[in-house]
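Number of protein chains: 2
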Amino acid sequence: MNPNIPQTDRKRIVIVGAGFGGLKLARYLSRRKEFQVVLLNRQNYHEFQPLYYQVATAGLEANSILFPLRAVFGDCKNVHIRVTNVTGVRPADKAVDTELGPVTYDYLVMATGADTNFFNQQNIIEKALPMKSVAEAIALRNRMLQNFEDALSVETLDEREGLMDVVVVGGGPTGVELCGTLAEMRKTVLPSDYPELDFKMMDIYLIESGGELLGPMSVQSQQHSLDYLQKLGVNVRLNTRVKDFDGRVVTMNDGTTLRTNNLIWAAGVKANPLAGLPPEVLGRGGRILVNRYNQVQGFTNVFAIGDVALMTEEKWPNGHPQIAQPAIQQGKHLAKNMIRWAKSEPPVEFTYRDLGTMATIGRGLAVVDLPFLKFQGFFAWITWLFVHLMSIVGVKNRLAIFLNWMFNYLTYNNSLRLIIRQKLPKGNMAAMQEKLSDQLEVSKT
Amino acid sequence: MNPNIPQTDRKRIVIVGAGFGGLKLARYLSRRKEFQVVLLNRQNYHEFQPLYYQVATAGLEANSILFPLRAVFGDCKNVHIRVTNVTGVRPADKAVDTELGPVTYDYLVMATGADTNFFNQQNIIEKALPMKSVAEAIALRNRMLQNFEDALSVETLDEREGLMDVVVVGGGPTGVELCGTLAEMRKTVLPSDYPELDFKMMDIYLIESGGELLGPMSVQSQQHSLDYLQKLGVNVRLNTRVKDFDGRVVTMNDGTTLRTNNLIWAAGVKANPLAGLPPEVLGRGGRILVNRYNQVQGFTNVFAIGDVALMTEEKWPNGHPQIAQPAIQQGKHLAKNMIRWAKSEPPVEFTYRDLGTMATIGRGLAVVDLPFLKFQGFFAWITWLFVHLMSIVGVKNRLAIFLNWMFNYLTYNNSLRLIIRQKLPKGNMAAMQEKLSDQLEVSKT
Numbered sequence: 001m002n003p004n005i006p007q008t009d010r011k012r013i014v015i016v017g018a019g020f021g022g023l024k025l026a027r028y029l030s031r032r033k034e035f036q037v038v039l040l041n042r043q044n045y046h047e048f049q050p051l052y053y054q055v056a057t058a059g060l061e062a063n064s065i066l067f068p069l070r071a072v073f074g075d076c077k078n079v080h081i082r083v084t085n086v087t088g089v090r091p092a093d094k095a096v097d098t099e100l101g102p103v104t105y106d107y108l109v110m111a112t113g114a115d116t117n118f119f120n121q122q123n124i125i126e127k128a129l130p131m132k133s134v135a136e137a138i139a140l141r142n143r144m145l146q147n148f149e150d151a152l153s154v155e156t157l158d159e160r161e162g163l164m165d166v167v168v169v170g171g172g173p174t175g176v177e178l179c180g181t182l183a184e185m186r187k188t189v190l191p192s193d194y195p196e197l198d199f200k201m202m203d204i205y206l207i208e209s210g211g212e213l214l215g216p217m218s219v220q221s222q223q224h225s226l227d228y229l230q231k232l233g234v235n236v237r238l239n240t241r242v243k244d245f246d247g248r249v250v251t252m253n254d255g256t257t258l259r260t261n262n263l264i265w266a267a268g269v270k271a272n273p274l275a276g277l278p279p280e281v282l283g284r285g286g287r288i289l290v291n292r293y294n295q296v297q298g299f300t301n302v303f304a305i306g307d308v309a310l311m312t313e314e315k316w317p318n319g320h321p322q323i324a325q326p327a328i329q330q331g332k333h334l335a336k337n338m339i340r341w342a343k344s345e346p347p348v349e350f351t352y353r354d355l356g357t358m359a360t361i362g363r364g365l366a367v368v369d370l371p372f373l374k375f376q377g378f379f380a381w382i383t384w385l386f387v388h389l390m391s392i393v394g395v396k397n398r399l400a401i402f403l404n405w406m407f408n409y410l411t412y413n414n415s416l417r418l419i420i421r422q423k424l425p426k427g428n429m430a431a432m433q434e435k436l437s438d439q440l441e442v443s444k445t
Numbered sequence: 001m002n003p004n005i006p007q008t009d010r011k012r013i014v015i016v017g018a019g020f021g022g023l024k025l026a027r028y029l030s031r032r033k034e035f036q037v038v039l040l041n042r043q044n045y046h047e048f049q050p051l052y053y054q055v056a057t058a059g060l061e062a063n064s065i066l067f068p069l070r071a072v073f074g075d076c077k078n079v080h081i082r083v084t085n086v087t088g089v090r091p092a093d094k095a096v097d098t099e100l101g102p103v104t105y106d107y108l109v110m111a112t113g114a115d116t117n118f119f120n121q122q123n124i125i126e127k128a129l130p131m132k133s134v135a136e137a138i139a140l141r142n143r144m145l146q147n148f149e150d151a152l153s154v155e156t157l158d159e160r161e162g163l164m165d166v167v168v169v170g171g172g173p174t175g176v177e178l179c180g181t182l183a184e185m186r187k188t189v190l191p192s193d194y195p196e197l198d199f200k201m202m203d204i205y206l207i208e209s210g211g212e213l214l215g216p217m218s219v220q221s222q223q224h225s226l227d228y229l230q231k232l233g234v235n236v237r238l239n240t241r242v243k244d245f246d247g248r249v250v251t252m253n254d255g256t257t258l259r260t261n262n263l264i265w266a267a268g269v270k271a272n273p274l275a276g277l278p279p280e281v282l283g284r285g286g287r288i289l290v291n292r293y294n295q296v297q298g299f300t301n302v303f304a305i306g307d308v309a310l311m312t313e314e315k316w317p318n319g320h321p322q323i324a325q326p327a328i329q330q331g332k333h334l335a336k337n338m339i340r341w342a343k344s345e346p347p348v349e350f351t352y353r354d355l356g357t358m359a360t361i362g363r364g365l366a367v368v369d370l371p372f373l374k375f376q377g378f379f380a381w382i383t384w385l386f387v388h389l390m391s392i393v394g395v396k397n398r399l400a401i402f403l404n405w406m407f408n409y410l411t412y413n414n415s416l417r418l419i420i421r422q423k424l425p426k427g428n429m430a431a432m433q434e435k436l437s438d439q440l441e442v443s444k445t
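So the protein sequences, as listed, match chains B and S. Under full-length UniProt numbering, the first residue of the first sequence carries the number 1, and numbering increases by one thereafter. Under full-length UniProt numbering, the first residue of the second sequence carries the number 1, and numbering increases by one thereafter.
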């Protein structure tokens, strides 16, 4: 294998990761004559992370929140996409190593994002369900649906309750949105799908280690979201940590236990820095320390943007929140600085513009914090829908999501309750098992 | 595990398989007070088989051609769905065995359909790609897209051609539709996605053992489809059989070879009868011999319908074609006979009503044979689209497919070119490998 990237006299910018930051940067530079852009990504698509939970709860099909990278850059001849894993960086050689072989760079931008943080708890790594990729969201959907099928066929009530109950860990937007949606499904579509099961038995718990839900939001949004969830019948436990999970019983730090087969882990993220960086450039949560030009400490031609980068401003002494907006803004800003550098103009410092945050809890229930206005309820929900719809890449995805949402709103019926199990690729058993071990390898902790 | 199907004083009809026949039968009986209906299916959804090829070629998302069974029967309290494999039948005990345990019946209807027929060629079983389930269609899509990614990174021209070329075996509707779509993608979307590849290198072959394409259709439809495919640049080889495939080279019965990594096998089907039936009831192609009431030879309470059944009429001395219409008509007819039997009325003999056949080759190109009218071209294509759209279960699926088709027609851009690899369920390695062997087990030949 050989990445086969043509040599030109343009400066080569290698971007690792096609999330919000990497994609924005690549799109911005894609039509510039002074650069050759190499975009390396593990998948052949961009994922719209904020809607994973709707894939997990059968509200949207995975396709609607994915966008094929090659469809974005089809007519840009100076953009070279390679679908591969980047295994490390060798700054001394100005090269990254990939599964296809090494790729050299003039400039390197790491936009590798963040992954689930299990806080080194081995039992939880092995048994809990994360939701930090569309593949994990589909796995979660399949698992939940299979649970209800299995619940029909078990011999004891204890087993049935274990299959039906859900414990979600982490009171951020993911945990809140997931619990809200599950609680609504418990009222509407699930009893209609499974008339043989008694959904009064299905308990939904949300466990949060802090003293409130939606930590970074305003106090009024925090209180409203707690109130909404409780009205929907979600058991919220604040100031509680999950200590252990054996696949059947969750143990809290206060010694209490909950019987469930389903522990969904949305309790935190940690950055995905590339192997090979000097240890002194890594800060809190594995994030890469960068200056206000997104340059990695000690380098002029190596950059990090988005969730994986740790840039401090006076207003953000611990770095920016690990959400879409800082990544998008840094991607765009770095593109402009790249163009300035190419013209030998001085670069401009990045300043994060906080556009606000929002979360949805259920049908007609959301909380929105804008810089100068906070509101909750139905109008907040419409705002949430509109903002998310407009942020999706692709006219067709937008249309598909809009129609899905309209349909679900009118019918209370998210009709994607499909347990699609993919066929494994054919080949000999040894190759299969090797592939399997790869896939089973849990994220390095 | 225990299927936990409640005992009532109603007669229990067990239906194995929720394809066109089984689903039709179950829907027809779902609101009758005299029966308890137990529907056993391997998946929790019904698959619309005629559009697999559009999933394989990224034209439709898998979800659009699937419909969750529980959404069909949500409010029918006398229908009990169990998602499980049926491993065999024990007529003496009036029971079928499933992975959840045995299920007894008063009446048994086998609607288990047909699967790919590899004609016992071990190399082809191991290395060719079938397309007889939505999981196989997704696997095919992932494989084809991954091939183009790999083609960018190989070292030799031979390897690149092997990845890009496609050989399809079987000149029935599946093979014809697949080749037509691939040939159109080669002209439009693929060169735009992969400007670094030269699509003049990509060869598409269609191999058919008979003397014409679309065997059961009219001569004028056969000739038009051949003509359309050749105009699209497909190399059609009639009167040729594939003898061997080693994963890199296809060998024909005339000794010629073709270099490709991709052999798509659509050359025939064989029925899926349940294990445990007396051998004398199995006819040609593994189909179960039934009388005109769909009763299996020698039984009064065991039935077979659709692809798995072999019923002869004067007009159909070799049985009905293994397509949707006979299955649908038999499902409906058997339901009516069941109701007649329950009322002690005499049953009515089944007569197949041939509504015609059709196939689409490409954009604006299709062939339609109605009983009293045959036509080809653009109007045939519109007819094909309309008939398939109207046959899909579910308003939302219909809408989704309609919009997808409109969008693809206007933009020439099927935007589902996503290589989605599912995460394997977590668990210990031993359980994984067991699951893996299950999935790897190729159909018994």
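A couple of the hints might just be wrong.
The list treats identical chains as interchangeable, and a pair is accepted whether it falls inside one copy or across any two copies.
Pairs of lysine-lysine, BS3-like flavour, derived with a Cα cap of 27 Å [to be verified]: (1) Lys231 <-> Lys343; (2) Lys127 <-> Lys243; (3) Lys132 <-> Lys94; (4) Lys33 <-> Lys315; (5) Lys200 <-> Lys77; (6) Lys315 <-> Lys200; (7) Lys77 <-> Lys11; (8) Lys243 <-> Lys332; (9) Lys200 <-> Lys332.
Source of the hints: derived by calculation from the structure; they are not laboratory data.
Evaluated hints:
1. Lys231 <-> Lys343: This pair counts as neither: shortest intra-copy Cα distance 58 Å, inter-copy 51 Å.
2. Lys127 <-> Lys243: within (13 Å within a copy, 47 Å between copies)
3. Lys132 <-> Lys94: Result: close neither inside a copy nor across copies, 30 Å intra and 48 Å inter.
4. Lys33 <-> Lys315: neither (36 Å within a copy, 70 Å between copies)
5. Lys200 <-> Lys77: Intra 58 Å, inter 18 Å, cutoff 27 Å: inter-copy only.
6. Lys315 <-> Lys200: neither (47 Å within a copy, 57 Å between copies)
7. Lys77 <-> Lys11: within (15 Å within a copy, 68 Å between copies)
8. Lys243 <-> Lys332: Intra 41 Å, inter 56 Å, cutoff 27 Å: neither.
9. Lys200 <-> Lys332: Neither way: Lys200 and Lys332 sit 49 Å apart in one copy and 37 Å across, limit 27 Å.
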